[in-house]
Amino acid sequence: MMLTRRMFSGLIAAAALITALTGAPALAADKEQAALALVKGIGEKAVATLSDTSLSDEQKQERFEQFLDSSFDMERIGRFVLGQHWRSASEEQRSEFLKVFRDYMVSSYADKIGSYSGENLEFKETTSLNDKESLVNSLIVRPNGPPVKLDWRVRQGDNGEKIVDVIVEGISMAQTQRSDFSSVVNKPGVGVEGLITRLKEQTGSAS
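For the sequence shown, the working numbering begins at 124 and goes up steadily by one.
Careful, some of the hints might be misleading.
As the list claims (entries may be wrong) - As a list, the in silico BS3-like pairs of lysine-lysine whose alpha-carbon atoms are at most 25 Å apart: (1) Lys163 x Lys183; (2) Lys163 x Lys255; (3) Lys183 x Lys323; (4) Lys272 x Lys163; (5) Lys183 x Lys168; (6) Lys154 x Lys247; (7) Lys168 x Lys285; (8) Lys323 x Lys222; (9) Lys247 x Lys272; (10) Lys272 x Lys255; (11) Lys168 x Lys154.
What the hints assert, rightly or not - Here are the in silico distance ranges between beta carbons for each label pair: (12) Ser306 x Glu215: 18 to 28 Å; (13) Pro311 x Ser177: 44 to 54 Å; (14) Asn282 x Glu185: 18 to 28 Å; (15) Arg210 x Ser177: 45 to 55 Å; (16) Glu214 x Pro269: 45 to 55 Å; (17) Ser179 x Pro311: 42 to 52 Å.
No wet-lab data here; the hints were simulated from the structure.
As the structure is a prediction and not an experimental result, all values here were calculated from the model.
Where is the CB? At the ideal position from N, CA and C, for every residue including glycine.
Between the sequences and the hints, there should be enough to build the whole structure, so can you do that?
Shown next, in the form of structure tokens:
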């Protein structure tokens, strides 16, 4: 299951890397415009990074990690994907999980750096989900394959807009990850601590 999730994460990361900016507004008039500006803004920085031939793959990865940290609400996503187990986890486990979950997401796209092959991201419409959240609809247009529907759920918070979920062909990244992690945590003798250990092993951060 986790390998499947990693493929979704890789696709999402690749999409962020190939996003083309078409002119985001300097000042967003409402949360829908702000959400669209955020997602397009990721693309502006990512395309500039991909186009810089003076950067190594490692340097490009470092910059993409900065995009992840600044544009995704990793704490909110992490709490959601851990589900009911977040409440029973200790403060130490919560902190450790959030750290290793970020590392896991980074490792999911690390091997995608430099794999750009002519894809483009086209933006469609942006709609309001509620008083705090918007959905940015887009398509990955591939030169050698059918387009892939990709939607971005963006939440407005005290620190501005942050991405809280990405939906690939109708499948929620966050919901799928939550299901994957729950199936691991619920195994006899595993629990939250066991999940953390497994994620560390997958990311190469196990001591």
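Here's how the hints hold up against the structure:
With a C-alpha separation of about 18 Å, the suggested pairing of Lys163 with Lys183 holds against the 25 Å cut-off. Note on Lys163 and Lys255: the hinted pairing holds, with a Cα-Cα distance of about 19 Å set against a maximum of 25 Å. Straight-line distance between C-alpha atoms of Lys183 and Lys323 comes to about 23 Å, which keeps the hinted pair within the 25 Å bound. A C-alpha spacing of about 16 Å is found between Lys272 and Lys163, which places the hinted pair at or below 25 Å, so the restraint holds.
Restraint check: the Cα-Cα separation between Lys183 and Lys168 comes to about 11 Å, which is no more than 25 Å; the hinted pair holds. About 16 Å separates the Cα atoms of Lys154 and Lys247, which keeps this hinted pair within 25 Å; it holds. At roughly 16 Å between alpha-carbon atoms, Lys168 and Lys285 fall within 25 Å of each other, so this suggested pair holds. For the proposed pair Lys323 and Lys222, the alpha carbon gap of about 10 Å is at most 25 Å, so the pair holds.
Under the criterion of a C-alpha separation no larger than 25 Å, the hint pairing Lys247 with Lys272 is consistent with the structure, at around 10 Å. Taking the CA atoms of Lys272 and Lys255, the gap is near 23 Å; set against the 25 Å cutoff, the hint holds. For the hint pairing Lys168 with Lys154, the CA-to-CA distance comes to about 21 Å; that is within 25 Å, so the pair holds. Between Ser306 and Glu215 the beta carbon distance is about 23 Å. The supplied range of 18 to 28 Å therefore holds.
Judged by the Cβ atoms, the range 44 to 54 Å given for Pro311 and Ser177 holds: they are separated by roughly 52 Å. Range check, Asn282 to Glu185: about 22 Å between beta-carbon atoms, so the 18 to 28 Å window is met. Separation of Arg210 from Ser177 is about 47 Å and conforms to the stated range, judged on CB atoms against 45 to 55 Å. For the hinted restraint 45 to 55 Å between Glu214 and Pro269, the CB-CB distance of approximately 46 Å keeps it satisfied.
For Ser179 and Pro311, the Cβ-Cβ distance of about 44 Å falls inside the hinted range of 42 to 52 Å, so the restraint holds.
Of the numbered hints listed earlier, not one is contradicted by the structure.
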